[in-house]
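Colleague: Chains W and E are the protein sequences, given in the same order. Using the working numbering, the letters of the first sequence correspond one by one to residues 1 to 219. Using the working numbering, the letters of the second sequence correspond one by one to residues 1 to 112.
It should be emphasised that the hints constitute simulated quantities derived from the structure, not laboratory data. Each statement offered as a hint is correct.
Label-pair distances were calculated between CB atoms; the ranges are: (1) Asn92/E / Pro158/W: 20 to 30 Å; (2) Ile89/E / Arg161/W: 18 to 28 Å; (3) Ile72/E / Arg203/W: 25 to 35 Å; (4) Leu18/W / Val40/E: 54 to 64 Å.
Here a beta-carbon is modelled for each residue, glycine too, at the ideal position from N, C-alpha and C.
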Amino acid sequence: MKTIAVIPAFNESKRIELVIKKTKKFVDEVIVVDDHSRDNTYEIARKAGATATRLISNMGAGFATRVGCDLAIKNKADIIITLDADGQHDPEEIPKLLKTLQEYNLDIVFGSRPRNENMPKIRRLGNWGLSFIAKILFNSKIKDTQTGYHAFTGKAYPMIRWSSSRYGVVTEFAVNVAKNGLRCKEVEVKTIYVDKNFGMRKRDAVRATISMLKWRIKK
Amino acid sequence: MIRLTHILIIIFGIVMLFLTFNQFRKKKLNYLGFMIWSAVWIILIAGILLFKVIERIATLFLNIRTFDLFVIVAILIIFILIFLLNSSINENRKKIEEIVEEIALRDAKKKK
Numbered sequence: 001m002k003t004i005a006v007i008p009a010f011n012e013s014k015r016i017e018l019v020i021k022k023t024k025k026f027v028d029e030v031i032v033v034d035d036h037s038r039d040n041t042y043e044i045a046r047k048a049g050a051t052a053t054r055l056i057s058n059m060g061a062g063f064a065t066r067v068g069c070d071l072a073i074k075n076k077a078d079i080i081i082t083l084d085a086d087g088q089h090d091p092e093e094i095p096k097l098l099k100t101l102q103e104y105n106l107d108i109v110f111g112s113r114p115r116n117e118n119m120p121k122i123r124r125l126g127n128w129g130l131s132f133i134a135k136i137l138f139n140s141k142i143k144d145t146q147t148g149y150h151a152f153t154g155k156a157y158p159m160i161r162w163s164s165s166r167y168g169v170v171t172e173f174a175v176n177v178a179k180n181g182l183r184c185k186e187v188e189v190k191t192i193y194v195d196k197n198f199g200m201r202k203r204d205a206v207r208a209t210i211s212m213l214k215w216r217i218k219k
Numbered sequence: 001m002i003r004l005t006h007i008l009i010i011i012f013g014i015v016m017l018f019l020t021f022n023q024f025r026k027k028k029l030n031y032l033g034f035m036i037w038s039a040v041w042i043i044l045i046a047g048i049l050l051f052k053v054i055e056r057i058a059t060l061f062l063n064i065r066t067f068d069l070f071v072i073v074a075i076l077i078i079f080i081l082i083f084l085l086n087s088s089i090n091e092n093r094k095k096i097e098e099i100v101e102e103i104a105l106r107d108a109k110k111k112k
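Using the sequences and the hints given, assemble the complete structure.
Modeller: Structure, rendered in structure tokens:
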């Protein structure tokens with residue numbers, strides 16, 4: 001079973017090395033997709049031993065993750081792990097995700113973060129709101145649809161593959177899982193917010209909601 | 001009677017016709033685009049020159065003022081253009097995404 005971790009990164013030169021080194025212990029290969037950073041994220045990722053590629057333009061986290069997953073499939077991944085480059089997801093929890101995926105013979109495992117005091121209030125509200133809308137529109141059973149920490153099989157990837165380029169990716173991801181009736185489970189992971197001002201903005205949340213309505217009508 | 005506004009619109013149409021031809025000459029506009037845009041400006045000029053005929057049609061068949069007819073047609077054209085532009089932007093975005101992904105996958109392979 002070949003396990004590949006995909007890490008999209010943008011201006012993460014300070015944290016990427018540690019994330020790669022920690023992740024490498026649990027997977028066969030680490031793929032870093034540098035989303036046209038202004039710093040030396042790409043060079044650091046290469047030195048840290050990751051298979052790295054740099055996008056010729058800034059395309060967004062969703063696009064970078066998709067390119068990484070496509071590359072993982074090309075490199076014959078049986079299992080793909082996606083996690084953030086900023087240390088928001090602790091790589092030490094990868095075995096927990098992998099164990100659940102294999103033990104229950106699932107298609108996908110979500111690293112679900114409890115909405116506790118570690119999560120900023122506004123994000124807690126946004127997280128709950130988007131997960132609730134996904135539940136109403138798509139009967140999604142995922143409590144934290146906004147997590148970027150996933151483990152899924154290479155076979156399930158074509159059914160999950162998203163078109164969103166920016167932060168709407170996590171919502172589309174959860175929607176595709178619900179829509180295709182994939183076998184999934186949530187595993188509780190630590191709630192870590194390194195930079196409380198970074199990540200999904202209010203307008204991204206509005207866009208994600210509009211997109212969900214669009215997907216509901218379309219599909 | 002030809003008013004000042006009519007003359008201004010005719011001048012605008014002629015200038016736009018000239019610019020359209022210029023863009024076509026510089027190959028910034030394809031043949032189809034040239035034909036469509038030229039038709040738009042010619043129709044605009046013809047509409048002003050045949051103002052009386054259009055006025056008769058507008059009042060007789062549509063029961064509206066000529067100016068209202070012009071405004072309605074202009075708004076409809078703007079909506080069509082927005083729709084076409086939006087489709088074109090989406091199509092171009094998809095093409096750019098494909099190219100960026102292709103380069104990213106190729107480069108990753110090289111450095112492996």
